[in-house]
Amino acid sequence: MSKSITAKDLNVYYGDFLAVEGVNIEIAARSVTAFIGPSGCGKTTFLRSLNRMHEVLPGARVEGQLLLDDDDIYAPGVDPVSVRAMVGMVFQRPNPFPTMSIRENVLAGYKLNGARMSRSDADGIVESALRGANLWNEVKDRLDRPGSGLSGGQQQRLCIARTVAVKPEVILMDEPCSALDPISTLAIEDLIAELQQEYTIVIVTHNMQQAARVSQNTAFFNIAGSGKPGRMIEYAETSTIFNNPSNQQTERYVSGKFG
Amino acid sequence: MTQTQQQPMPTSVQGPAGPANQHAPAPASTPRPRSLTQRHMPWWVSLVILAVSAVLGAALSALMTFNMAIWFILTAVLYVIISYGVTRAKVSRRKATDTLWKHLVYLAFIIALLPLVSVIWSVTSIGIPGLLEPGFLASDMRGIDGTIDRRSQEEGEPVLGGIRHALVGSLLITLSATFISVPIGLMTSIYLVEYARGGPLARAITFFVDVMTGIPSIVAGLFGAAAVGWFLGVGNSLGLGLPTRSTMGITAAIALSVLMIPVVVRTTEEMLRVVPNELREASYALGVRKWRTILKVVIPTAISGIAAGVTLAIARVIGETAPILVTAGFIVSNNWNMFQGWMTALPVFIFRQFQNPTSPNFSDPSHQRAWAAALVLIIIVMGLNLTARLIATFLAPKNTGR
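Heads up: the sequence lines are chains B and X, in that order.
FYI, our numbering numbers position 62 of the first sequence as 62, with every residue one higher than the one before it.
Take the position in the second sequence, starting the count at 1, then add 1000; the result is the number in our numbering.
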């Protein structure tokens, strides 16, 4: 499992509006890569283009190549649904399915696709996914309770468990801790460090300390002004970005002079 | 940074009476209150005003001819005026205006409520005797003729006849209309919310659904009769051996579904729109196809609202008279067959009992049956509304333990 991601001259559009321009990036398998940058600079837009969630919005489209190992996910004939099955996503706000129990939420990727499985297989998936998300001990006695009854941090880990349960190659995280308190954030960050053993992880964050803590590589995005496209300014090892950035904009951002 | 925090800003700390105010007076348009408390009236004053206006109202109405209705109206008007005056004199003008508008709002609510209370009261009080008549719900009008009604009215014998056939007809016709309308209406709203993305077709559909909402029910009835008649004609010319007359239960159901579909579309559309987009995206991100997302995430999340909306749509059409009269006709006996023969629904039964009493010269028994049937109809509609609320409560996604 886990694949590398390569973007070649990727332009992301909303209708006629060019939102992100000319991204070239190589993300290694089994690593954590953080996207940082000011609001509106296109981090999330680019992240959503990595599993073709971007085009759920009307008029959104992508130009350029995006390789998952060696397969272009934007090649003609590629089914976005199978891309998304391979590239999972965790959202900013915890969004467990309110009609489902904790157990059903973990199995959602299977159940919603109509997969049939034996009770014991399902139990195995639930337990391993919840253990993988460091949530098993907290919820093992109430698997049949609604997922929305958990705390925000638990809900977010439930969403991670739901994503892990379908065994994706890549996990995208869109500011997964921005709605959580510091303790839940710590739990998620620990979890990211563990998940990195098996998955390629890309995380968007506004918290630069978080980027520094969890990631090996960091990409800095910036925008020249409103109405202009966002660009990837610098991509390097996290320590380089934070201690010795080559670009002046990056330095000004990580030192807190703007954004 | 810390220094500015230690030095408080003078203007924010010193009170309105402080020295700052003396050399820098606040603008005249925003006077600072001198203290936090203002003059206020004890709680019992409004009760005293109410009692005074009641007495005054009684006196005034006695000057004309005493009448409960006039007394109530005078009391209400006097109460509003006196409280305004007293509050203005004793508290403040702002408070008085506030009180005045508050009372006007309450008054408007009471006026709006009056017809409802009046209808429920009169239907209940007049309809109860007929409803308590033995066999009213279990028998139909077969064999009930003028002589029986004359004996009931003149000799005080029990009023015979009942609404069983009308209940059966209403039930069958409304259920069939629901089975026709809900799939069509739900799929339309799914198209509008999930697929259309605001294109010209969606705008056209929304526009025509709005137009359909305004179709007079008699027009829907004529449409049903004409459409089924045409269909039967074409079918018979092809040798399908369909019935030749279009007057039957299913025709009425089709006519009612014309009235029901727009209601179902509008209510379910609202319900689907409030399903958070995050849930759809969560499902897509798991590699779930769109139609499965709609079927297994969006609809289950919105099911309580959808069910409540459908129930309200049923309540809306179960009281229709004209479209059923022109499509299903009117009979006195029971008919369970939707596809053969005439049928009676409750509103048609009420209409016929009033308009054409069984015995024209002795119409009291017919009127009694009509009022009792009206009571049953109101009970059914209220029951449906309650059911809608219960469904909405029980099926709503549970947020326990937070």
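The hints are simulated quantities; they were obtained by calculation from the structure and are not laboratory data.
Treat the numbers as computed from the prediction; the structure is a model and nothing was measured.
Worth double-checking, as some hints may not be accurate.
Simulated crosslink set (DSBU-like; lysine-lysine; CA at most 30 Å straight-line) [claimed, not checked]:
(1) K167(B) to K1296(X)
(2) K140(B) to K8(B)
(3) K1290(X) to K8(B)
(4) K1296(X) to K140(B)
Now the hints, each set against the structure:
1. Between K167(B) and K1296(X) the CA atoms are separated by roughly 21 Å; this keeps the pair inside 30 Å, and the hint holds.
2. Straight-line distance between C-alpha atoms of K140(B) and K8(B) comes to about 44 Å, which puts the hinted pair past the 30 Å bound.
3. For the proposed pair K1290(X) and K8(B), the alpha carbon gap of about 29 Å is at most 30 Å, so the pair holds.
4. Note on K1296(X) and K140(B): the hinted pairing holds, with a Cα-Cα distance of about 25 Å set against a maximum of 30 Å.
The structure is inconsistent with hint 2 alone, although it conforms to all the rest.
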